Structures are given as C-alpha cells and as structure tokens.
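Using the sequences plus the hints, can you model the full thing?
Chains as they are written, first to last, in this note's numbering: chain A, 1 to 260; chain B, 1 to 245; chain C, 1 to 268.
By construction, these hints were calculated from the structure, which means they are not laboratory data. Hints may contain errors.
[To be verified] Cut-off 30 angstroms, straight-line C-alpha distance, at most; resulting in silico cross-link-like pairs (DSSO-like, lysine-lysine):
id : chain 1 : residue 1 : chain 2 : residue 2
1  : B       : K34       : C       : K16
2  : A       : K217      : C       : K249
3  : A       : K9        : C       : K134
4  : A       : K9        : C       : K127
5  : A       : K9        : C       : K121
6  : A       : K217      : C       : K260
7  : C       : K121      : A       : K90
8  : A       : K90       : C       : K67
9  : C       : K135      : A       : K181
10 : A       : K217      : C       : K205
11 : B       : K142      : A       : K65
12 : A       : K181      : C       : K192
13 : C       : K134      : A       : K181
14 : A       : K217      : B       : K30
15 : C       : K205      : B       : K30
16 : B       : K155      : B       : K229
17 : A       : K181      : C       : K127
18 : C       : K192      : A       : K217
19 : A       : K181      : C       : K249
20 : C       : K192      : A       : K9
21 : C       : K121      : A       : K217
22 : C       : K67       : C       : K192
23 : A       : K90       : C       : K134
24 : C       : K205      : C       : K26
Since we're looking at a predicted model, the values are computed, not measured.
These are the residues of each chain, in order.
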Amino acid sequence: MFQAQPPEKLIDEKGTRVDGRSPYDLRPIKLEVGVLENADGSAYIEQGKNKILVAVYGPREVHPKHLALPDRATIRCRYHMAPFSTDTRKSPAPSRREIELSKIIREALEPSVFAELYPRTTIDVFIEVLQSDGGTRGAGITAASLALADAGIPLRDLIVGCAAGKVEDWIVLDLNDLEDKFGNADLPVALLPRSSELTLLQMDGLLSSEEFEEALKLATEGCRQIHTMQREALRQKYSAVREVAEEEAVESEVEKKEEA
Amino acid sequence: MPIFFEKKQLVTPGELLAEGDYIAGDNTYKEDDKILASRVGLIGIEGQILYVTALKGCYIPSVGDFVIGKVIDISMSGWVVDINAPYEAMLFVSDVIERSFNPQKDVLTQIYNLGDLVKAKVTAYDRTRGPILTTRGPGLGKITRGRVIGITPAKIPRVIGAKGSMVNMLKQEINCYIGIGQNGRILVSGVTPEDEDLAILAIRKIEAEAHTLGLTDRIRELIQEVKSKREGGNVSSSTSRETDR
Amino acid sequence: MSITPLGEVVARIRQKHLADLITRGKRLDGRGLADYREIKIDPGVVEKAEGSALVNIGNTKVMAGVKIEPGEPFPDTPNEGILTVNAELVPLASPTFELGPPNENAIELARVVDRGLRESKTLDLPKLCITPGKKVFVVFIDIYILNHDGNLVDASSLAALVALLNTKMPNYEVIEGALEFKPGHTQLPMQKIPIAVTLAKINGKLVVDPALIEEQVMDAKITITVDQNEKICAMQKSGLGVFTVDMVKEAVGLALEKAKEIRAAVAA
Chain A
1 MFQAQPPEKL IDEKGTRVDG RSPYDLRPIK LEVGVLENAD GSAYIEQGKN
51 KILVAVYGPR EVHPKHLALP DRATIRCRYH MAPFSTDTRK SPAPSRREIE
101 LSKIIREALE PSVFAELYPR TTIDVFIEVL QSDGGTRGAG ITAASLALAD
151 AGIPLRDLIV GCAAGKVEDW IVLDLNDLED KFGNADLPVA LLPRSSELTL
201 LQMDGLLSSE EFEEALKLAT EGCRQIHTMQ REALRQKYSA VREVAEEEAV
251 ESEVEKKEEA
Chain B
1 MPIFFEKKQL VTPGELLAEG DYIAGDNTYK EDDKILASRV GLIGIEGQIL
51 YVTALKGCYI PSVGDFVIGK VIDISMSGWV VDINAPYEAM LFVSDVIERS
101 FNPQKDVLTQ IYNLGDLVKA KVTAYDRTRG PILTTRGPGL GKITRGRVIG
151 ITPAKIPRVI GAKGSMVNML KQEINCYIGI GQNGRILVSG VTPEDEDLAI
201 LAIRKIEAEA HTLGLTDRIR ELIQEVKSKR EGGNVSSSTS RETDR
Chain C
1 MSITPLGEVV ARIRQKHLAD LITRGKRLDG RGLADYREIK IDPGVVEKAE
51 GSALVNIGNT KVMAGVKIEP GEPFPDTPNE GILTVNAELV PLASPTFELG
101 PPNENAIELA RVVDRGLRES KTLDLPKLCI TPGKKVFVVF IDIYILNHDG
151 NLVDASSLAA LVALLNTKMP NYEVIEGALE FKPGHTQLPM QKIPIAVTLA
201 KINGKLVVDP ALIEEQVMDA KITITVDQNE KICAMQKSGL GVFTVDMVKE
251 AVGLALEKAK EIRAAVAA
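Spelled out as structure tokens, the structure:
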C-alpha cells in the first residue's frame, strides 16, 4: 500500500546518502551457507534491507526429457519475488521483469559451472526474494553462487553481483531502492573475481562514457569486497571440519618429525 | 614452483592452489600453469598431483559399486531405480528372469514393486546413458527387513574406514548386519530394534565427526557406553531421525 | 523459470571457418568487423496505426506499430503519460519461434528497447497528460519480428524509434471531463533520438551487428543504447559467455561511433 516517495535530497554536498552511507560504502551484508535441509545446496543473504534465499537442486534428472542437453547439464534458474517483499504487494504471477531477470541471472551463473561434467541432467537454482530494497539481482547472484558451492557443484570461480550508479552528480556504490528508483543511473554487474570477467552487465539511466567507466570500476571493486565475504561464509560453514583437519595435519607433521 | 596452501587446508572454488608443473587431481582444474579448486574441500598433495577432498557432492556411479536403490518406476524392459545419483538407474528384466517370458506389468511388480528397496551392483555406466544395475549375486536383491538411512556420499569412506577398520569394529560391537552403499545409503538390520538404533546412532556420529582423529576408538567407546546403560536397565531409545533418500 | 536453451547445432567446420575469417578481420558476408548490414527504413507503412515503421537490417525484418489510447495514469506518476513496449517473435519469422505468449527472449527484447526509450526520456511523458490524475495517453509500441536473421534488438529499437517519429497524435479537447477529438494531428512530443548498437564477441573479437549465424556461434553479445548527446542510456549483456572490462570499453567506443552513422540514416 505504501508508495515510495522521493526524499528531499538523495545525497548531500558531502556525499552522505539517505541511509548515512558515503558514496563508496556497501550496505551491511550478512551471508549464511547451508540453511535449508532439503535442498542440495542453499544460502541466505541480507544486504541492507534485502533478504534473499537461494536453493540449488542437482545435478538431477531432467523431466521432461526433451529439455536435456546431450553434452552438458541444463541450468534452470528462477528469480521470483514474494508478494510481501515490496512496498506495494506484488502479484505472485511471474512479471516480465522476473522473467528477464531469471534469464540474465542464469546467464551470469552459466560461465562458471562445469556443466560438461553432468550431461543430460539439470541444475536448478531457485532465488526467492523475501524482502526487496534495490540490487536484488546482484545479491541473488552472490547467494546463488554460495548455494551452488554448497551443493558441491564444481565451479570455475565464485560469482559475485553488485551494482553501482549515479545519484545526483555522484557515482555511488550499491544503490538501495530509493536511489534506484529516483537516481540517474543503475549499473548492475556480476563478476568472476579471479579472471575479472563480467558475466552480467546492464545499465539503465543516463551516463557519459567517462561516468560509465567510473561506475563500472566502482561496481567491480564492490564485487571484490563481497567476494571476500563469500569465501569467509563458506569457511564458516565448514569451520569445524577445517579446524580439526588442520590440527590433524599439523599433528601428523609433528609425528613425522618425531619419527625421523 | 609454489603451492599456495598447506595440506588439509580448506579451499573454496576458484582459489589458486598452485602454479607450475603440477597435475590437476580430483575437484581441481588447470588453466595455463595454474591449478585451481573447483569445489569446497580440503586440499591434498600427493607428489605432483594436487587434489581437493570435497566435503559435499552428489554420488557419481562407478562400475562395481555396491548401492542401495529404490524402485520408482516400472517399464516394459524393467525397473527404474533411484540410486541417489544425478541419473536414474535401470535394472533390466533380463537380469532377474533368465528364461524368455511375456512381459506383463503384473508379473514384474511381483518381483520388485514400486517403493521396494534393493541391494544391487552397478554393472555399466557411461556418459551416454544412465547406470545399469544387477541384483544377481550373493547378498543382492530385495531388502525385506531392517532400516536404510542416507548420509552424504562423501562420508561413506569414513564409515568403511581404512581397510574396513571402522565398519568391522561396528559389526563386532553391535549385533547388526551393516550394508554400506557407495551411494550414501546404509542398510542396518539387527536382531532387535535397539541394536539397529545403536548402529544408526554410531553412523550418524561418524558422519558428523568424519574428519576427526581417533574416531574409531571414540565410536567404540560410545557403543560400549550405550550397551552398558542398556544392560543396567536404563534403555534410552535413541531418537535417530533418518532421511530416507 | 529460465532454462539453458537448446542451441542450434552449427557444423564444426562452419564455426571454424567463421572464426578464421574473424581473426583476419572479415565476416561470412564480406563485411568488416565494424560494419552494419544494409539498413532500409520505411516509415508509416500501416495507416491505421498512429505511427509505424518497417526496418530491414540485412535480412532481418522488423515492423513496429504505435497505437495511442486514453487510459488511467500509474498511481505514482499521476501527471504523466504511459509508454509500454511489447515484442512478438512471430512464428512466421523463424523456424525457431514457437506459438505462444512472449517467452524470455521476446520479453528481454521488449524491455531492452523500452529502457533505451525510457531512460533517454525520448518521449516527453508529462506532455501526454490529458486530465491530471485521471486521464493520460498510453503509447503502445508493438514490435513485430517478421524475419529473423540476427540482431533483433537494433532493428527493433530502430523500428520503434522511427514509428514514434512519424506518429501522428490526433488533436483533442477536454470538454466537461470527456475526451473530444478535433480535426488535425500533431507530432508526438519527442526529446531524444536514442540508437541501439549491438556487438557480439566471437573468438575474442567484437563484431558489430551480428547476423544469425554469428549469433549461433558467439560467446555473448552486448547492446549499448546511445542518445544524440553521446550519453549512454541503456546497456545489456546477453548470452552464456563473458566480457572483460576492456572489451566493454571497446564496445562503448564502437557504439558511440556507429550510433552517429545510424542517426544520420534516420534523419535522411
């Protein structure tokens, strides 16, 4: 029911934004891996007010069989927003936006998955936006990447999503919903951090080519910061195993030395 | 020629493990002269081979594997069996019935019906079609008693133990038949339900602590503890929740 | 749900031939890497539509029609007209187009064209208000693909743009709250001329205006929409492959250049 109204000022002369951030700050991010018992892999992300849950099933048989690809796994991706996730209730039926985002998010994840290892199967990625506040495709990709890793799907690299944009005259990082709606440009990207390759790139708004390059640089830097958090989230999930295994390794080295 | 990690350290997909003249082992891949991890797991180094022991992953069938499957469909040619792999497996009629016969659905359901669990071996598996099973052989066939639990396939080697040390200990200490399927399914069949409960409790603990030292001894201690409590008249029935996958 | 598409199986020797040509700076139809195919623009081909255009880029044929209907404004923009873009991949255009509601490709196409027009503020939407808060004009742009030989985005954007440029709005008066039409027409209030330029990445090189065969073998493509002030108003990467940052910058440079050429063709 509540409609977002443009605030008095989206950003002041010092670069302070509506939520108190500086132009180059990410919103607070919380990542958790392995949150759903039934899914083969899962992850949960909070980024500012965004709350997104991702589940991965697979590799598993494809039904109907004619969808199966003979030489690689099919990837099926659904980006969907819960009806209660936005200010105004969103109809549960897939909107044109959700259909487009499902496609480009799938295309953002595909380059990393070793799909050739599982011909004639499907790897299903379900992204559910429980609460939406701008930049959900980036956050969804970040969490989907963790869910894929959690499911044990072999990946070339983790995939990270982040957006930059232009608010008034400032190039800023990680737009929230107000900034996305009432700002001047929005540039969501997804990155493979090791090779610095972009797997998703969209822009809407108005940017000169210099502004575009600045925003692109900021967005990719934001991705790298988030990538560090992704690695940490995976390490946290398996920390019990890791600590013990590392202890064990040290002990057996010590044993070897004692024997020598 | 540097290796960037120590043995048994936890690595994540895309991490650079080593640079130089190394060989990409399990769960790693090579790009130019770099070895990178493709899964979350513990790094292992064996001479020139760098590999990652994955902490989670689906079961990929191998010819010769002993598996526990569930019949999920019946076709003209046989039974479709779910073996917890990305591919459904086939058990052909010709494997079970040697003489020529008139294929009618009723006859097949009398041998194995929907929902039946079977002990089987993988006889064929290649990239072009799903795995083929056989139930011919000693100890194979329909499961008629006991309970089947599912664990992560990656942890199965730990339940078996080096040269069978863990599973042999379990069989010694508990009065139970334990059939370990490579596909993450374990059949536990005992004389009493308490024995089955104990076996399941032990297996769950092995799964949870798979990467710790001295596990075999600790599990043995746990089993003896529970048994002595039982004999002391305090039968605490362990609530082991099993997921039938 | 979006599903990895069953790609067209292109003969390996054909793929290799194409890749070899591209490394030598040439394409299958003899073009250079930065050349568009021949562009033909026919405005006003459907008289019953308020505006229309038929655009050919090589063998790709796209028709766009503009219909204007009175309607209710959106609650958060009560004094603005509405622009809505829809695209149909009509089955007669390609053996791969199936009958049915717009699939993800049609939706992506429509939304990319829409963003190019919307973000550049091509249409002066406040000027399309009839009665503030109650009645506005809704501009329906329908894109109809008639023959698919690659680069549907550029052809569709161009068709939509030209259709808008020759759209005739009927004159009207609001008498006691009701819409009354008067004789005569005016042009649609347009502020910008955005041009979409699509490039495909094949064998590590960028090619402008990919033909269908090139789209079947490419890694990925990128569409960059530019207005006459050299401002980028929309971008979309599409396909299963990746782009490096440097390649994106190269694509932007090429797009700025090609957009000028195409805009000149439109003006003519």
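Tested hints:
Distance hint between B:K34 and C:K16 is fulfilled; the C-alpha atoms sit about 28 angstroms from each other, no more than 30 angstroms. Distance check on the hinted pair: A:K217 and C:K249 sit about 11 angstroms apart at the alpha-carbon level, within 30 angstroms; holds. Only pairs whose Cα atoms come within 30 angstroms are accepted, and A:K9 paired with C:K134 is accepted, the gap being roughly 28 angstroms. Proximity of A:K9 to C:K127 is assessed by CA-CA distance (about 26 angstroms); at most 30 angstroms being required, the pair is judged to hold.
For a cut-off of 30 angstroms, the pair hint linking A:K9 to C:K121 stands: about 22 angstroms separates their Cα positions. A distance of roughly 26 angstroms separates the Cα atoms of A:K217 and C:K260; the hinted pair therefore holds under the 30 angstroms criterion. About 26 angstroms separates the Cα atoms of C:K121 and A:K90, which keeps this hinted pair within 30 angstroms; it holds. Of the pairs offered as hints, the one joining A:K90 and C:K67 holds, with about 28 angstroms between alpha carbons and a cut-off of 30 angstroms not exceeded.
In summary, the hint linking C:K135 to A:K181 is supported, as the alpha carbons are separated by about 24 angstroms, within the 30 angstroms threshold. Only pairs whose Cα atoms come within 30 angstroms are accepted, and A:K217 paired with C:K205 is accepted, the gap being roughly 22 angstroms. For the given pair, B:K142 sits about 29 angstroms from A:K65 by alpha-carbon distance, which is consistent with the 30 angstroms threshold. Of the pairs offered as hints, the one joining A:K181 and C:K192 holds, with about 21 angstroms between alpha carbons and a cut-off of 30 angstroms not exceeded.
For the hint pairing C:K134 with A:K181, the CA-to-CA distance comes to about 23 angstroms; that is within 30 angstroms, so the pair holds. Under the criterion of a C-alpha separation no larger than 30 angstroms, the hint pairing A:K217 with B:K30 is consistent with the structure, at around 28 angstroms. Among the hinted pairs, C:K205 with B:K30 is consistent with the structure: their alpha-carbon atoms are about 24 angstroms apart, no more than 30 angstroms. Restraint check for B:K155 and B:K229: the C-alpha separation of about 29 angstroms stays at or below 30 angstroms, so the hint holds.
Straight-line distance between C-alpha atoms of A:K181 and C:K127 comes to about 21 angstroms, which keeps the hinted pair within the 30 angstroms bound. Between C:K192 and A:K217, the direct Cα distance comes to roughly 28 angstroms. Compliance with the 30 angstroms bound is thereby established for this hinted pair. For the hint linking A:K181 to C:K249, the alpha-carbon distance of about 26 angstroms falls within 30 angstroms, and the restraint holds. For the hint linking C:K192 to A:K9, the alpha-carbon distance of about 27 angstroms falls within 30 angstroms, and the restraint holds.
Between C:K121 and A:K217, the direct Cα distance comes to roughly 26 angstroms. Compliance with the 30 angstroms bound is thereby established for this hinted pair. For the proposed pair C:K67 and C:K192, the alpha carbon gap of about 20 angstroms is at most 30 angstroms, so the pair holds. In summary, the hint linking A:K90 to C:K134 is supported, as the alpha carbons are separated by about 23 angstroms, within the 30 angstroms threshold. Of the supplied pair hints, the one linking C:K205 and C:K26 holds, its CA atoms being roughly 11 angstroms apart against a limit of 30 angstroms.
Consistency with the previously given hints is maintained throughout, with no hint failing.
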